[in-house]
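S.K.: These are the residues of each chain, in order.
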Amino acid sequence: DAMVIQNPRYQVTQFGKPVTLSCSQTLNHNVMYWYQQKSSQAPKLLFHYYDKDFNNEADTPDNFQSRRPNTSFCFLDIRSPGLGDAAMYLCATSRVGQGAQPQHFGDGTRLSIL
Amino acid sequence: QKEVEQNSGPLSVPEGAIASLNCTYSDRGSQSFFWYRQYSGKSPELIMFIYSNGDKEDGRFTAQLNKASQYVSLLIRDSQPSDSATYLCAVRSWNAGGTSYGKLTFGQGTILTVHP
Numbered sequence: 679d680a681m682v683i684q685n686p687r688y689q690v691t692q693f694g695k696p697v698t699l700s701c702s703q704t705l706n707h708n709v710m711y712w713y714q715q716k717s718s719q720a721p722k723l724l725f726h727y728y729d730k731d732f733n734n735e736a737d738t739p740d741n742f743q744s745r746r747p748n749t750s751f752c753f754l755d756i757r758s759p760g761l762g763d764a765a766m767y768l769c770a771t772s773r774v775g776q777g778a779q780p781q782h783f784g785d786g787t788r789l790s791i792l
Numbered sequence: 000q001k002e003v004e005q006n007s008g009p010l011s012v013p014e015g016a017i018a019s020l021n022c023t024y025s026d027r028g029s030q031s032f033f034w035y036r037q038y039s040g041k042s043p044e045l046i047m048f049i050y051s052n053g054d055k056e057d058g059r060f061t062a063q064l065n066k067a068s069q070y071v072s073l074l075i076r077d078s079q080p081s082d083s084a085t086y087l088c089a090v091r092s093w094n095a096g097g098t099s100y101g102k103l104t105f106g107q108g109t110i111l112t113v114h115p
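The listed protein sequences correspond, in order, to chains F and A. The numbering used here applies: residue 679 is where the first sequence begins, and numbers increase by one. The numbering used here applies: residue 0 is where the second sequence begins, and numbers increase by one.
Next up, chain F with everything else stripped away, as it sits in the complex (with noise of 0.2 angstroms):
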């Protein structure tokens, strides 16, 4: 089945410890997207890519970057992350075209900091 897949599901690392989540999508829709999901909040959307583009949200803290080698994968790199940045990291896909294009969730990666 065509999907967005997330790796890994959980991920625990230390404070200040260099970070890298993955994402991959078999459903070869031009854009992607990176979300930020705290407990009972809304996702935040921290950048996306159409095709090669790379779109950074204007809030979006310098510690998180990210990486899209080719059309399947995408990946978020948090350089120092710090305690406020455990979350849930959502990682979504959308077709570009008419009509409402709706964008399709991964499973996420909860990111727990030590």
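Honestly, the hints are just simulated from the structure, not real lab data. Please note that the accuracy of each hint is not assured.
Claimed, not checked - Here are the in silico distance ranges between beta carbons for each label pair:
1. A:Arg59 <-> F:Asn734: 37 to 45 angstroms
2. F:Lys716 <-> A:Ser11: 32 to 40 angstroms
3. A:Ser81 <-> F:Ile683: 22 to 30 angstroms
4. F:Phe693 <-> A:Pro13: 45 to 53 angstroms
5. F:Arg745 <-> A:Ser25: 28 to 36 angstroms
6. A:Arg59 <-> F:Val774: 25 to 33 angstroms
Said to hold, decoys possible - Cut-off 30 angstroms, straight-line C-alpha distance, at most; resulting in silico cross-link-like pairs (DSS-like, lysine-lysine):
7. A:Lys41 <-> F:Lys722
8. F:Lys695 <-> A:Lys66
9. A:Lys102 <-> A:Lys55
10. A:Lys55 <-> A:Lys66
11. A:Lys55 <-> F:Lys722
12. F:Lys695 <-> F:Lys730
13. F:Lys695 <-> F:Lys716
14. F:Lys730 <-> A:Lys66
15. A:Lys102 <-> A:Lys41
16. F:Lys716 <-> A:Lys102
17. A:Lys55 <-> A:Lys41
18. A:Lys55 <-> F:Lys730
19. F:Lys695 <-> A:Lys55
20. F:Lys716 <-> F:Lys730
21. F:Lys722 <-> F:Lys695
22. A:Lys66 <-> F:Lys722
23. F:Lys722 <-> A:Lys102
24. A:Lys102 <-> A:Lys66
Unchecked claim - Computed footprint of chain F on chain A; a stretch qualifies when at least three of its residues, placed anywhere within it, have a C-beta under 8 angstroms from a C-beta of chain F:
25. 42-49
26. 71-84
Glycine included, every Cβ here is placed at the ideal spot set by N, Cα and C.
Since chain F is already given, all that's left is putting chain A on it; use the hints.
M.R.: Chain A in isolation, oriented as in the chain F frame:
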């Protein structure tokens, strides 16, 4: 600032009743409207989307859109305990560059509890 407002609830309904979830949005340029269901600890799952005024039905779910009032709702008929979850309203406006996709703005979500 584009805003999407939802009543956070919790909304509690008995099994078999109709659950009504409401959402208002501030951006008149919004094009498409989505309802996602999110179980605790899980990722959002798309339930329905709507982009024309009126009603759209899919099984037990009906989405209603009124662009003049900037209001979108989700009705769940014959509610089941398995419907207990947080329901996120999301609104899409056209990307600033005019490309044919758009970022979503999410509401805070409404917690729905269906009790037997």
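S.K.: Which numbered hints are broken by the structure, listed smallest first?
M.R.: 2, 8, 14, 18, 19, 26
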